[in-house]
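Novice: Sequence:
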Amino acid sequence: MKHFLYTLLLISFLFACRNRDENKKDTIEAGNYTPIVPKGMMDQINAADSAVIIYYKTPANPRFYRVVKLLDLDVLQPMIADVNSANIVSNNNFPSLGKLYFYGKGDIVDVVYFSNADSCKSFSFIKNGEKYTTRMGKKSQQLIDSLNVYAK
Numbered sequence: 131m132k133h134f135l136y137t138l139l140l141i142s143f144l145f146a147c148r149n150r151d152e153n154k155k156d157t158i159e160a161g162n163y164t165p166i167v168p169k170g171m172m173d174q175i176n177a178a179d180s181a182v183i184i185y186y187k188t189p190a191n192p193r194f195y196r197v198v199k200l201l202d203l204d205v206l207q208p209m210i211a212d213v214n215s216a217n218i219v220s221n222n223n224f225p226s227l228g229k230l231y232f233y234g235k236g237d238i239v240d241v242v243y244f245s246n247a248d249s250c251k252s253f254s255f256i257k258n259g260e261k262y263t264t265r266m267g268k269k270s271q272q273l274i275d276s277l278n279v280y281a282k
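Under this note's numbering, think of the first position of the sequence shown as 131, with each following residue one higher.
Among the clues, some could well be false.
[Said to hold, decoys possible] For lysine-lysine, the following BS3-like pairs were computed, each having C-alpha atoms within a straight-line distance of at most 30 Å: (1) Lys261 <-> Lys235; (2) Lys257 <-> Lys199; (3) Lys187 <-> Lys269; (4) Lys199 <-> Lys235; (5) Lys229 <-> Lys269; (6) Lys235 <-> Lys257; (7) Lys261 <-> Lys199; (8) Lys251 <-> Lys269; (9) Lys187 <-> Lys268; (10) Lys269 <-> Lys235; (11) Lys268 <-> Lys251; (12) Lys229 <-> Lys251; (13) Lys187 <-> Lys251; (14) Lys282 <-> Lys199; (15) Lys257 <-> Lys229; (16) Lys257 <-> Lys187; (17) Lys268 <-> Lys282; (18) Lys257 <-> Lys269; (19) Lys282 <-> Lys251.
[As the list claims (entries may be wrong)] Okay, the calculated beta carbon distance ranges per label pair: (20) Lys257 <-> Thr137: 50 to 60 Å; (21) Ile141 <-> Gly236: 54 to 64 Å; (22) Gly259 <-> Asp204: 30 to 40 Å; (23) Ile141 <-> Ser220: 18 to 28 Å; (24) Lys261 <-> Ile141: 55 to 65 Å; (25) Val241 <-> Tyr280: 14 to 24 Å.
Just so you know, these hints were derived from the structure itself, not from any lab.
None of the values given here were measured: they were computed from a predicted structure.
The C-beta atom is built at its ideal place from N, Cα and C for all residues, glycine as well.
Use the sequences and the hints to build the structure in full.
Specialist: Encoded structure:
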């Protein structure tokens, strides 16, 4: 009886492996293939519907600040593109001059910190417990500087 069960188990195992190999023969037609496009680290901010920019009155001190609310995220597209660009080596000695809260459906989608001082124009964010930094472009810096006038 023992040998019969072992034989039955072996036969069922062989048929299972054979069926598995037949399923691998499925191929994707050339017209239906879509290549994977690499995305930025903060690609989820594209799902945001509004944003708030907070400007610290004293660098790296979030106690006192001024705020600008934006309901049209088309204005922030240069910043979103810079945040999702390639990571750079971070120098933690640069103080954060403010942060951006991106909102989607009433919840915070993500928080991005910025420093637009002449020596360290960058965006930074924390993802999975690690800090990442990206370079701030000229358009993003001009946008942050121009919106600072409207902050209250």
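Novice: Taking the hints in turn, state whether each one holds.
Specialist: Verification of the hints:
Simply put, Lys261 and Lys235 have alpha-carbon atoms about 26 Å apart, close enough for the 30 Å limit, and the pair holds. Straight-line distance between C-alpha atoms of Lys257 and Lys199 comes to about 24 Å, which keeps the hinted pair within the 30 Å bound. A C-alpha spacing of about 23 Å is found between Lys187 and Lys269, which places the hinted pair at or below 30 Å, so the restraint holds. At most 30 Å may separate the alpha-carbon atoms for a hinted pair to count; Lys199 and Lys235 meet this at roughly 15 Å.
For the suggested pair Lys229 and Lys269, the alpha carbons sit about 17 Å apart, so the restraint of at most 30 Å is met. In summary, the hint linking Lys235 to Lys257 is supported, as the alpha carbons are separated by about 21 Å, within the 30 Å threshold. Only pairs whose Cα atoms come within 30 Å are accepted, and Lys261 paired with Lys199 is accepted, the gap being roughly 25 Å. Restraint check for Lys251 and Lys269: the C-alpha separation of about 12 Å stays at or below 30 Å, so the hint holds.
About 22 Å separates the Cα atoms of Lys187 and Lys268, which keeps this hinted pair within 30 Å; it holds. The straight-line distance between the Cα atoms of Lys269 and Lys235 is roughly 27 Å, inside the 30 Å bound, and the hint therefore holds. Between Lys268 and Lys251, the direct Cα distance comes to roughly 9 Å. Compliance with the 30 Å bound is thereby established for this hinted pair. In summary, the hint linking Lys229 to Lys251 is supported, as the alpha carbons are separated by about 13 Å, within the 30 Å threshold.
For the suggested pair Lys187 and Lys251, the alpha carbons sit about 18 Å apart, so the restraint of at most 30 Å is met. Between Lys282 and Lys199 the CA atoms are separated by roughly 10 Å; this keeps the pair inside 30 Å, and the hint holds. Between Lys257 and Lys229 the alpha-carbon distance is near 15 Å, which keeps this suggested pair within the 30 Å criterion. Using a Cα cut-off of 30 Å, the hinted pair Lys257 and Lys187 holds, with the two alpha carbons roughly 26 Å apart.
A threshold of 30 Å between alpha carbons decides the hint, and for Lys268 with Lys282 the separation of about 24 Å falls inside it, so the pair holds. Proximity of Lys257 to Lys269 is assessed by CA-CA distance (about 25 Å); at most 30 Å being required, the pair is judged to hold. Taken as a hint, the Lys282 and Lys251 pair is honoured in the structure, with Cα atoms around 23 Å apart against an allowance of 30 Å. With their beta carbons about 54 Å apart, Lys257 and Thr137 fall inside the hinted range of 50 to 60 Å.
In this structure the hint that Ile141 and Gly236 lie 54 to 64 Å apart at CB holds, the actual value being about 58 Å. Taken as a hint, the range 30 to 40 Å holds for the pair Gly259 and Asp204, whose Cβ atoms sit roughly 32 Å apart. Checked against the hint of 18 to 28 Å, the pair Ile141 and Ser220 fails, with Cβ atoms roughly 60 Å apart. Between Lys261 and Ile141 the Cβ separation comes to about 56 Å, which falls inside the hinted range of 55 to 65 Å.
In this structure the supplied range 14 to 24 Å holds for Val241 paired with Tyr280, their Cβ-Cβ distance being about 20 Å.
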